[in-house]
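*Asks:* So the sequences go chain by chain: A and B. Residue numbers for the first sequence follow the working numbering, so the first one is 124 and each next one is one higher. Residue numbers for the second sequence follow the working numbering, so the first one is 39 and each next one is one higher.
Hints in this document: simulated from the structure, not taken from any laboratory. Just to be clear, a hint being listed does not mean it is correct.
Covered stretches of chain A, as calculated for chain B (at least 3 residues, CB under 8 Å) [to be verified]:
hint	stretch
1	177 to 188
2	195 to 204
Some chain B residues judged to face chain A by a derived CB distance under 10 Å, without partners named [to be verified]:
hint	residue
3	R98
4	T140
5	F141
6	L143
7	Q151
8	I153
9	T155
10	I231
11	L233
12	I235
Think of the CB as a built atom: it goes at the ideal place given N, C-alpha and C, for glycine as much as any other residue.
This is what each chain is made of:
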Amino acid sequence: MELFLFRHAEAEPRSGDAPDERRALTAKGRERFLRAAKGLERLEIQLDRIYHSPWLRSIESAELLSLLLDGETVVTPLLAQPPTRELLDILEGENVALVGHEPWLSDLLGWLVFGVRMMESDGKSPCLDFGKGGLAWVGGKPEPGAMSLRAFLPPRALRRIGRS
Amino acid sequence: MREIPPTAWLDRLEERTSLAESAPDAALDAHAVHELRVACGRLIVWLDLGGWRILRDDLRWLRRSAATVRDLDVVLHRFAARPWAGELAAQRALGASDLRRTFSLPRVQGLVQAIATMPSVSEEAALDHLASLRKRTLRAGKHLGHVEKDLGRVHRLRRSVRRLRYVLEWISDAPEELSELQTELGDLNDRAIALRILGDRESEDGVAADRGVLEKELAAQCGRIEDLWDDARRIVEGL
Numbered sequence: 124m125e126l127f128l129f130r131h132a133e134a135e136p137r138s139g140d141a142p143d144e145r146r147a148l149t150a151k152g153r154e155r156f157l158r159a160a161k162g163l164e165r166l167e168i169q170l171d172r173i174y175h176s177p178w179l180r181s182i183e184s185a186e187l188l189s190l191l192l193d194g195e196t197v198v199t200p201l202l203a204q205p206p207t208r209e210l211l212d213i214l215e216g217e218n219v220a221l222v223g224h225e226p227w228l229s230d231l232l233g234w235l236v237f238g239v240r241m242m243e244s245d246g247k248s249p250c251l252d253f254g255k256g257g258l259a260w261v262g263g264k265p266e267p268g269a270m271s272l273r274a275f276l277p278p279r280a281l282r283r284i285g286r287s
Numbered sequence: 039m040r041e042i043p044p045t046a047w048l049d050r051l052e053e054r055t056s057l058a059e060s061a062p063d064a065a066l067d068a069h070a071v072h073e074l075r076v077a078c079g080r081l082i083v084w085l086d087l088g089g090w091r092i093l094r095d096d097l098r099w100l101r102r103s104a105a106t107v108r109d110l111d112v113v114l115h116r117f118a119a120r121p122w123a124g125e126l127a128a129q130r131a132l133g134a135s136d137l138r139r140t141f142s143l144p145r146v147q148g149l150v151q152a153i154a155t156m157p158s159v160s161e162e163a164a165l166d167h168l169a170s171l172r173k174r175t176l177r178a179g180k181h182l183g184h185v186e187k188d189l190g191r192v193h194r195l196r197r198s199v200r201r202l203r204y205v206l207e208w209i210s211d212a213p214e215e216l217s218e219l220q221t222e223l224g225d226l227n228d229r230a231i232a233l234r235i236l237g238d239r240e241s242e243d244g245v246a247a248d249r250g251v252l253e254k255e256l257a258a259q260c261g262r263i264e265d266l267w268d269d270a271r272r273i274v275e276g277l
C-alpha cells in the first residue's frame with residue numbers, strides 16, 4: 124500500500140467558545156492546499172481511497188484532495204485521536220490518503236516507519252515538523268514498523284511541483 | 039439569503055443509528071429502517087446543494103447497508119402470512135442484527151459528527167441546483183409513454199423526482215402533485231423489488247400466483263404514473 128499522510132491545510136484560529144472541530148480552512152489555506160494537490164496530480168498520483176477525520180478542516184482538505192480520487196472517501200473519528208490498531212485495520216486500497224491532525228499524524232508516521240510511538244506524554248511530537256498541508260508518503264504493509272518513508276514534503280514543495 | 043442547515047434530517051439519522059447492538063428487534067422496525075434510508079438520501083441531496091463531494095460515499099454506504107432489510111420489509115409487509123415467507127422473516131432478523139452492528143462502527147459515528155460540523159448551505163446555491171435538477175427531471179419524464187416497454191425510464195424518473203422533491207423540501211415545501219407522484223413511483227419500486235425477491239422463490243407453492251398479481255398491479259400502476267406525471271410536469275415546468 125502507498126499511504127499518503129496529509130495534515131489538514133491552514134485553518135481559522137481558535138476563537139472564544141467555538142468548538143475546535145468546526146474551525147474551517149482559511150481562504151489562503153484552501154488555495155495553497157489546492158495547489159499542493161495539483162502538484163501531486165502532476166506527479167500522476169491517483170488515490171483510490173481517502174480517509175479523513177470528521178473535523179471541518181479535515182473534511183475541507185479531503186474535499187480539495189478529491190481531485191486525485193478515483194474511488195471512495197471514508198470518514199473516521201479514528202483520525203481525530205491518537206492512532207490505534209483499529210485505524211490500521213480499516214485501511215483498504217492501493218493508493219490511500221489519510222487526512223488528519225497533529226500530533227497524531229506524526230505519531231502515526233513514527234509508528235508505521237519505526238514501530239515506536241513518538242508522542243510524548245504531554246501530547247507533543249517534537250521529532251517531526253509536520254506543517255499544515257504537509258505530506259508524508261510511506262509504502263509497504265500498514266503495520267507498525269513495516270512501512271518505508273518515501274517522501275516527507277512540506278506544502279511549499281508540493282506547490283512548486285504544481286507550478287513547474 | 040437564508041441559510042439551510044442539515045439539522046432536521048441529521049437528527050433523525052443520529053436517532054436511528056444510535057440504536058445499540060443490544061437493542062430489541064422492535065427498535066429496528068420497518069419504519070425505522072425506511073426512515074434511516076430516507077435520511078441518508080436527503081442528506082446526500084443536502085451535500086449536493088452545498089457542492090460537496092465528500093461524505094456522500096459514507097451516506098451511500100450506510101444506505102446500502104440497510105437495503106437488504108428494507109427490501110425484505112417490502113415483501114413481508116404484504117406477504118408475511120404466506121407459508122413461504124418464514125425464511126424471509128429469518129433473513130430479515132439476521133439482516134437487522136448486521137445493521138445494528140454497522141451502527142456501532144466508527145464510520146457511522148464519524149459521519150454524524152462530520153455533518154454536524156459542516157456549514158449551512160446558502161439558499162442561493164440550493165436554487166441554482168434546483169434549476170439544473172428541474173431540467174433533468176423534465177428530460178427523464180420525456181419518454182414516459184413507453185413505460186410498459188421500459189421500466190428503466192420509470193426508475194430514472196423516480197430517482198429524478200425524488201431528488202427534486204428533496205431539494206424543494208430543503209428550501210421550503212414540495213408541491214402536492216410532485217409528492218403524490220413520488221409516492222406512487224416509490225410504491226412501484228416496492229412492487230418491482232417484491233417481484234425480484236419472489237422471482238428467486240418461484241418454485242415454492244403459491245409464489246407464482248402472488249407474482250402474477252404483482253405483475254398486473256405493476257402494469258396498472260404504470261398507467262397511473264403517466265397521468266400523475268402529466269399533472270406534475272406542468273408544476274415542474276413552472277418551478
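*Asks:* Is the hint on T155(B) kept, meaning its closest Cβ partner in chain A is under 10 Å away?
*Replies:* Since the shortest Cβ distance to chain A is 4 Å, the answer is holds.
*Asks:* Holds or violated: the hint that I153(B) contacts chain A, with Cβ atoms closer than 10 Å.
*Replies:* OK, holds: I153(B) within 10 Å of chain A, min 8 Å.
*Asks:* So, I231(B) near chain A? Judge it on the closest CB pair being under 10 Å.
*Replies:* Not OK, violated: I231(B) not within 10 Å of chain A, min 25 Å.
*Asks:* If you look at each residue in the stretch 195 to 204 of chain A, do at least three have a Cβ nearer than 8 Å to any Cβ of chain B?
*Replies:* Three-residue rule met by the stretch 195 to 204 of chain A, so holds; n is 7.
*Asks:* Given a cut of 10 Å on the nearest C-beta pair, is the interface hint for Q151(B) held or broken against chain A?
*Replies:* holds, 4 Å
*Asks:* Mind checking the CB of R98(B) against every CB in chain A and telling me if the closest is under 10 Å?
*Replies:* Holds, because the Cβ-Cβ distance from R98(B) to chain A comes to roughly 9 Å (cut-off 10 Å).
*Asks:* Next item in the hint list is L233(B). Is there a CB on chain A closer than 10 Å to its CB?
*Replies:* violated, 31 Å
*Asks:* Measuring from the C-beta of I235(B) to each C-beta in chain A, is the shortest one below 10 Å?
*Replies:* Violated: closest Cβ of chain A sits about 28 Å from I235(B), beyond 10 Å.
*Asks:* Quick check on F141(B) please, does its C-beta sit within 10 Å of some C-beta on chain A?
*Replies:* violated, 14 Å
*Asks:* Can you verify the interface hint for T140(B): is its Cβ closer than 10 Å to any Cβ in chain A?
*Replies:* violated, 13 Å
*Asks:* Under a C-beta cut-off of less than 8 Å, do 3 or more residues of the stretch 177 to 188 of chain A approach chain B closely enough to confirm the stated coverage?
*Replies:* This one holds; 6 residues, not fewer than the three required, reach chain B with a Cβ under 8 Å.
*Asks:* Does the CB of L143(B) sit less than 10 Å away from some CB of chain A?
*Replies:* holds, 9 Å
The structure fails hints 4, 5, 10, 11 and 12 (numbered hints given earlier, in ascending order).
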